[in-house]
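Hey, can you work out the whole structure from these sequences and the hints?
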Amino acid sequence: MKKPIAGGAGDAAGTVALPHPRTSGAKRPSAFLENERWLAAMLLAPTVLLLGLFIAYPFVMGVWLALSSTSVGNPGEFVGLKNFLKAWNDSIFRTAFYNTTYYTFWATVFKLTLGMYLALLLNRHFRGKRLVRASMLLPFIVPTVLSTFAWRWMFDPTFSVLNWLLYRTGFIVTKLPFLSDGDWGIWCAIVVNTWRGMPFFAITLLAGLQTINPDLHEAASLDGANGWKRFWHVTWPLLKPVTLVVVVFSVIQTFSDFQLIYVLTGGGPANATHLIATYAYQVGVATGLLGEGAAISLFMLPVLFIVVWLQLRYLRKLEGA
Amino acid sequence: MVIERKWKKWVYFYIPLTIFVVGTLFPFYWMLITAIRPDAELYRSWRAVNNAPFWTLAPTLAHFQDLLAKTTFPQWLWNTFFIAVVSTLISLFCGLLAGYALARLKFPMAGTLGTSIFVTYLVPPTLLFIPLADIIRNFQLGNTPWALILTYPTFLIPFCTWLLMGYFKTIPKELEECARIDGATRFGAMVRIIFPIAVPGILSAGIFAFTLSWNEFIYALIFLSSPEKKTVPVGVVSELIRGDIYFWGQLMAGALLGSIPVAVVYSFFVEYYVTGLTGSVKG
Amino acid sequence: MERRAFLKVTGIVGILAAGRAPAFAQGTKLHILRWVDFIPACDVELRKQAGEASKALGAEVQFEFINANDLQPRITAAIQSQSGPDIIHMLHNWPHLYENGLVDVSDVAEWQAKEQGGFYGQSEAYTKVGSRFMALPHGIVPGLTAYRKSWFNEVGVTTPPKTYDEYRQVGMRLKKKGHPIGQTLGHTFGDAPAWAYPLLWNFGGMETDKSGKTALDGKGAVEAVKFMTAFWKDACDEGGLAWDDTNNNRAFHAGEISATLNGASIYIAAKRAPDKIKDDKGEPLVRDIQHMRLPAGPAGSWSYHTAFAHGVMKYSKNQKLAKDFLKWLHGVGPYGRWFEVAEGFSIGSTKQWERHPLWNTIDEPMKGFKTAADNSRVIGFAGPPSAKATEVYSKYVIIDMFAKGVQGMKAEDAVKWAAGELKNIYG
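Residue numbers (numbering that gives the first Met the number 0), protein chains in the order written: chain A, 0 to 320; chain B, 0 to 282; chain C, 0 to 426.
One or more of the hints may lead you astray.
[To be verified] Pair by pair, the computed Cβ-Cβ distance ranges are:
#, chain 1, residue 1, chain 2, residue 2, range
1, B, Pro199, A, Arg93, 17 to 23 Å
2, B, Phe186, A, Leu48, 17 to 23 Å
3, C, Gly120, B, Trp54, 51 to 57 Å
4, B, Val198, A, Ile211, 25 to 31 Å
5, B, Val198, C, Phe62, 50 to 56 Å
[As the list claims (entries may be wrong)] Pairs of lysine-lysine, DSSO-like flavour, derived with a Cα cap of 27 Å:
#, chain 1, residue 1, chain 2, residue 2
6, C, Lys275, B, Lys228
7, C, Lys47, C, Lys319
8, A, Lys228, B, Lys7
9, C, Lys316, B, Lys228
10, C, Lys409, A, Lys81
11, B, Lys69, C, Lys47
12, C, Lys212, A, Lys85
13, A, Lys85, C, Lys422
14, A, Lys128, B, Lys7
15, A, Lys128, B, Lys228
16, A, Lys228, B, Lys8
17, B, Lys69, C, Lys275
18, B, Lys228, C, Lys28
19, C, Lys47, A, Lys81
20, A, Lys228, B, Lys5
21, A, Lys128, B, Lys8
22, B, Lys228, A, Lys316
23, A, Lys85, C, Lys313
24, B, Lys228, C, Lys47
25, A, Lys85, C, Lys319
26, B, Lys168, A, Lys239
27, C, Lys422, A, Lys81
28, C, Lys270, B, Lys69
29, A, Lys85, C, Lys316
Source of the hints: derived by calculation from the structure; they are not laboratory data.
Don't be surprised by glycine CBs; every beta carbon is placed ideally from N, CA and C.
So this is what it looks like as structure tokens:
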């Protein structure tokens, strides 16, 4: 039995091909590609090129832009941290920052809870299960902008079908101010975000649930644990890793959200639903203050970084235990 | 005993499930209904006696006709489709190669490179769009589909890489080694043995990437200006609200037609999509 | 008609008389970007004129129309990439904001002023930066309050209320009957500033003093916010915080509100679709619409309207062609025809259009629009309408000041907030 070739860092063994009529006297390219390092470099090259050009490079440019006084038509000059300070003193920005945090927190809580509940419900066999599962994913599949328009029409100040329904069933007498009131507005946005994102949680948690050995549940119920206790002591600990990963993805997406608010409320009423991304757009692109807009966007980075770092640390702790 | 169990089943299972299904699907029903109701019915006062929003006795296809004939909607559908397909192909290509390299090969900085690909996820499009707009214009790519085709992979590749890495890790190393013993090159083994086994993973990653591209908004909003170059999400937002008037009938028709291609593609590959979702998370 | 034919001929003759048709390279395209007009017929007329201009100038003239709220992002993109439309529509005082990206058109502007009786103060202030005209004024869309005659009669009001307080009293009675007044305090480009800025001025408030220093924090602004809060609760449809420029039109046509500040588009749309837009008795709504001016406050009765202009972009490779085209478009002939199609929605930037025969034959409720723009101030008052004033406008600071008061913030705090924002912007 021939020994397999060992690869390894700095190992030149790759160039030593096993003797075979076809490969001995091999041309340069194939020998080249036998070397793990070169092969890896070639394989990774397109990715590194694309990501470097369209993420790393703009990121650096963005930082430079944020430190300058560039505005539309006026190449700026270096102004240090002035844009960041101006943003921090701008109460509209502070409102947007607070809104983004509030929106992300509550939307994630609801997506997780409802997603978990739905996953538990779907974790059984029943007729039509496939159809239900497939249709439940629709909100996640359909382009956000399009479904948000449907919601916007449902919340319309004058023609809302929800108002109509509640009025007809006698629950309300005057219209509910879905998008006209600040607090209502952000909760409507949370509802739409939850509607859209919950399927992602549900399906992923469902997959996680299905890897849990049913014998564990049997054992627990034999020991006298009821539904809730079983969930908390058996299911939940095993689901924590998957949950954590899903939550990280979701938090990054929600914190940097733009489309939903842009279509649903445009940031209003009176900035009550402005997010960091939508405000950056308004300042940078609509008003043309590019340096300030870039600075506002960059405020997202530290928060995302901290959230991800905390969760990865927790994940490592879990896996280490 | 039996009756009690049945009652419990209804309360704890069927009813919550029904509520979920209705809540999830109602907005789509609403889209459909609005798209086929004539204008006169749409804009009735909410307290008007004859306001019956949930159905219509005079369905009309006028909104769809207006949408297809009087706007550049068909062009947007094509643009979006083209951009989504090409971006997906590019991302699959890069993700496949990168996933294999990270899962199978040992080389210096493997860990660092792997982590940095994932870290790019921390730099979301809404953070990059302002400087990226300038870069795109400097490359003379402004207002062309290539601006999107080259930038969408930035958020598609990490996903594809993760997913395919997970797949590769489950393929036993022995398969490759046998192939190489039989004389295949490393590259050949990769292409001829490993990739075909990973086809389910490739399909999953592909369908996931396709739906993500279709969904993208801010880059399309910033990089494309001419009406005929726009994608469906951007076109619907900017072109179906003309001046004083929101054409809600057309808007909902556009929303429906814009969602159908993705939903159709998805419905053929539901299993792959689900595996993709879950695989990328576990991987 | 004779007059029209005459004007048409003089229009083209004008160009030819200015010299032979300029020799432009075959295939030269002139791309003009404008907003989607609230009177669709106007855009139709412009496309027609584009065809005529193409022949007269020997180059292809092409109009593109996008939503007003999308104009600014498009301008930013165009100037940053140094390519795009040759002529772009400028609203409010945008020429001040985009000064570095525009071409000096003082020669054409002076010609227009001389030929057509001088500019309105607002138009000139908005397009003149320092001593140079950076854009050519192309009309003003004045706003008046459209109201339902019959409902006002029902509460005993037969003449328009003269002061804000009177208006509030009337509104209270109307709201009790289920017909509130509708006003947007949302983030939108036209109706919201048209209400908010005059409200501030008419109570004696101002953004900056004559020297340009911020001066918002004062009794005038506080009184204005106090009024607005009371007015909102007593008389307004409280959904107005989420309205954009189109919601009030819809609400008015659907019979949800009894009065709203707007351009003439409510009336004109109702007039053009009498079978679709009806009142609750089944009669065409247009017969019940009348217009009135904004009421007066303790410090005056100013108003604010949206002024429009055409700017030639510095990156354009067809600057001479653009200027020639604008001279033709703003000339008495073509502009006159466009003006007539607008039916009073858009009035001229120059005073001579007050004397146009259109005003003699126009429907009686529309007559007020003729001189509506005569008492307009500019944003940034009392200082100049500089780029900083545009930033305040783009951030909707003044509008939000009222919105905050309406949502429960104490008037003094709302004003302090806005003053802080202003200081942050003006530095």
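Verification of the supplied hints:
no., hint, in the structure
1, Pro199(B) x Arg93(A): 17 to 23 Å, "violated, 48 Å"
2, Phe186(B) x Leu48(A): 17 to 23 Å, "holds, 19 Å"
3, Gly120(C) x Trp54(B): 51 to 57 Å, "holds, 56 Å"
4, Val198(B) x Ile211(A): 25 to 31 Å, "holds, 28 Å"
5, Val198(B) x Phe62(C): 50 to 56 Å, "holds, 51 Å"
6, Lys275(C) x Lys228(B), "violated, 35 Å"
7, Lys47(C) x Lys319(C), "holds, 22 Å"
8, Lys228(A) x Lys7(B), "holds, 18 Å"
9, Lys316(C) x Lys228(B), "holds, 23 Å"
10, Lys409(C) x Lys81(A), "violated, 31 Å"
11, Lys69(B) x Lys47(C), "holds, 18 Å"
12, Lys212(C) x Lys85(A), "holds, 18 Å"
13, Lys85(A) x Lys422(C), "holds, 10 Å"
14, Lys128(A) x Lys7(B), "holds, 19 Å"
15, Lys128(A) x Lys228(B), "violated, 41 Å"
16, Lys228(A) x Lys8(B), "holds, 19 Å"
17, Lys69(B) x Lys275(C), "holds, 21 Å"
18, Lys228(B) x Lys28(C), "holds, 19 Å"
19, Lys47(C) x Lys81(A), "violated, 50 Å"
20, Lys228(A) x Lys5(B), "holds, 23 Å"
21, Lys128(A) x Lys8(B), "holds, 16 Å"
22, Lys228(B) x Lys316(A), "violated, 49 Å"
23, Lys85(A) x Lys313(C), "violated, 30 Å"
24, Lys228(B) x Lys47(C), "holds, 25 Å"
25, Lys85(A) x Lys319(C), "violated, 41 Å"
26, Lys168(B) x Lys239(A), "holds, 22 Å"
27, Lys422(C) x Lys81(A), "holds, 15 Å"
28, Lys270(C) x Lys69(B), "holds, 24 Å"
29, Lys85(A) x Lys316(C), "violated, 37 Å"
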